[in-house]
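Chemist: The listed protein sequences correspond, in order, to chains A and B.
Be aware that the first sequence starts at 10, since it is given in this note's numbering, and climbs by one per residue.
Be aware that the second sequence starts at 977, since it is given in this note's numbering, and climbs by one per residue.
Bear in mind the hints are in silico, worked out from the structure with no lab data behind them.
Predicted, not measured: the structure shown is a model, and the values here were computed from it.
Please note that a few of the clues may not be correct.
Label pairs and their computed distance ranges (CB to CB) [what the hints assert, rightly or not]: (1) Leu68(A) <-> Leu1136(B): 29 to 37 Å; (2) Thr1268(B) <-> Arg180(A): 51 to 59 Å; (3) Val164(A) <-> Ser1158(B): 15 to 23 Å; (4) Asn978(B) <-> Ile48(A): 49 to 57 Å; (5) Ser137(A) <-> Asn978(B): 51 to 59 Å; (6) Ser137(A) <-> Leu1395(B): 28 to 36 Å; (7) Leu1395(B) <-> Ala118(A): 31 to 39 Å; (8) Thr134(A) <-> Leu1136(B): 31 to 39 Å; (9) Leu1000(B) <-> Val79(A): 33 to 41 Å; (10) Ala20(A) <-> Glu1035(B): 38 to 46 Å; (11) Val30(A) <-> Gly1032(B): 36 to 44 Å; (12) Thr1268(B) <-> Thr110(A): 41 to 49 Å.
Note that the Cβ used here is the ideal one computed from N, Cα and C, for glycine as well.
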Amino acid sequence: MPIGQTLPFTAVRWDDVLFVVLAIMLLGSALLVVTMRDIIRCGLAMIASFASLAGIYVLLGNPLLAATQVLVYIGAISILVLFAIMLTQTKNAPTRLVFQTQAWIGAVAAVVIAAIIAGTVLTTTWPSTGAVAWTATSDIATMLFGQYVLPFEVVSVLLTAAVVGGVLLARREPPADKEDRS
Amino acid sequence: MNWSDLGSLAPIIWAVLTAAAVLLVDIAAPGRRAPAIATALMGLAVTAAVVLSLAGHTETAFGGAYVVDGLTAFLDLLFVAIAALTIMFADDYLQPRGLPIAEFAAVLIFAITGAMLVAGSADLLLLFVALELMVLPGYLLAGYARNDPYSTEGAIKYFLLGSFSSAILLFGLAYVWGLTGSTRVDVVAAALAQAAAKGSIAPGLAMGLAFMTAGVAFKMAAVPFHYWTPDAYQGSPTPVTAYLSVGPKIGAFAVALRLFVAALGPLKADWLPIVIVLAALTMTLGNLVAITQDNVKRMLAYSSIAHTGYILVGLAAYAGGQHSGISAILFYGAAYTFMNMGAFAVITALQRRPGVTSQISTFAGLGRRSPWLGALMALFLLSLTGIPPLAGFWAKAYVIVAAIQAGGWLTALAVLAMLNAAAAAFYYLRVVVYMYMRDPAEDAPPLSPGLLFRVGLAVTGIATLVFGLFPAILNAASSAAGVLKG
């Protein structure tokens, strides 16, 4: 027997329930990233937040974007971040993050801004269709290589520039910097 | 996409090829400085020629995402000039410190490519990506002196706040996209014109406007979004500071022209008050803090904040109904480029020997140590102050006249701009006093900038002298401005 569109005996749609669950997971893990003190756990919480976002992409009807999110963000970026933490941590550096004194002010500002954004979003009439638009992969390809081909190509130039710069910053110079050792 | 699209994009393609060629030349002749510099400058010359060959056309490419018109050509030429001058000045600073020039030139040309794309953007997505291409290499250049802790500190501050502001801008763009359903500038403008005709704008649009204003204000270093500026400018290698003070700043104003004027023009009554407040705060705070600085680089950083304020007066004049505000912005951008880069070039010449600071005491007796450099520095500083008949005077005059013609609150803004210009004379002329009325340090070695450096300095000096006297520049600016509807 197939499951209905809504929760049994109520008018609440399954999609909405799923969205709320994913959103709570997304926000909760994102909050953990910035509040936990152990940097490795922060990295793991970041993976959870990326995964929840991938779920939301699926709900929005874009499986390609969700797959990309999993492959690129969880598969590549998170692993890279964890490796970077592992390789750069030294014995004498603090493994626990030093908390700064402005955290409370920041928290208050964040809550206020979130309230303002929620208020404006709810009071605005958005020109939406009301239905989830399923985006086929071929449609995305057509847009990416049709309407948005120029930004797409510019991103590749941007990445080239970033690679050149990254090599520049990471390259080891022949004369050792003696002053920096002190 | 077809061949004519690529033809419209030819200046951008040439710029990217130039950057690639510089890197290839460096692979072929590793560490050789002259071939890399020659390749970069020749490539930029070809790019400028390609821009000129397209000038006079108005055409859209890539389905309306990119537009070639007078404004694109004017800004493209300005950006190419900025890149060429920076490369001419850079080697005198980088070589004594053992820093490579080829990567510097390549990264810089990538940044300029982004700026040129911003100038021709008719699509919000392209605008954002192009803006990122412009600023990302800037972070790298700010941290170019890797072993200098100040350079690294400035670069990290610039990078963190810059990324943050990019995200805020993107968030604002998302609101506009959500309400208009398009990223094409002309479609957005038409949709917003309809919305504006109904009277009050939707809260979501106001929110988006606030985010976009904050994002762009960060990029142009307007108060209260300027905190990264002094550290990034003081810490960066001096030729990079010269570039950062004009390249990304004029790029940010190009964003303002393509975003606020072209796309959000129908809402100009809504963003006018914000721009007036930003302009007033920016020029006043920039000038007041500049007065207290003893480091000339830091002083010029705050003065560049003040100049952002003057240029914003032009934007406010446009929003107040005076279309000449746009040509005033463009003229100001061109004039400021040459006089400010000239001033930074003189600092570069003084700092050719590693270890020389940019404290004001370094300038003591420069008029006697090196009469030419002293005279040129005085010329640039007088122009930055706004003494007639130099370029800086005309730049301020056009902006202020446009504001007065717009009337209303803008008259008060114009008066504030004049008061600020008078206050600014104090700290600019203080350097001149040091150059001509103090004795040079006993052990001060003679200054001997390279040939290319002298050529660049001559170009900035001549431009500062003749810009105001030749109306051709203003005509070019106003015909470029005519592209944007009133």
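Chemist: Would you mind marking each hint as holding or not holding in the structure?
Modeler: The hints, checked one at a time:
1. Leu68(A) <-> Leu1136(B): 29 to 37 Å: At roughly 32 Å between Cβ atoms, Leu1136(B) and Leu68(A) fall inside 29 to 37 Å, so the hint holds.
2. Thr1268(B) <-> Arg180(A): 51 to 59 Å: violated (39 Å)
3. Val164(A) <-> Ser1158(B): 15 to 23 Å: holds (20 Å)
4. Asn978(B) <-> Ile48(A): 49 to 57 Å: Because 51 Å falls inside the window, the suggested range holds.
5. Ser137(A) <-> Asn978(B): 51 to 59 Å: 35 Å Cβ-Cβ, so the 51 to 59 Å window is violated.
6. Ser137(A) <-> Leu1395(B): 28 to 36 Å: Roughly 50 Å apart at Cβ, these two residues miss the hinted range, so it is violated.
7. Leu1395(B) <-> Ala118(A): 31 to 39 Å: holds (34 Å)
8. Thr134(A) <-> Leu1136(B): 31 to 39 Å: The hinted range 31 to 39 Å holds for Thr134(A) and Leu1136(B), with Cβ atoms some 36 Å apart.
9. Leu1000(B) <-> Val79(A): 33 to 41 Å: Cβ of Leu1000(B) to Cβ of Val79(A): about 37 Å, so the range 33 to 41 Å holds.
10. Ala20(A) <-> Glu1035(B): 38 to 46 Å: The hint (38 to 46 Å, Cβ to Cβ) is violated, given that Ala20(A) and Glu1035(B) are roughly 54 Å apart.
11. Val30(A) <-> Gly1032(B): 36 to 44 Å: violated (59 Å)
12. Thr1268(B) <-> Thr110(A): 41 to 49 Å: 27 Å Cβ-Cβ, so the 41 to 49 Å window is violated.
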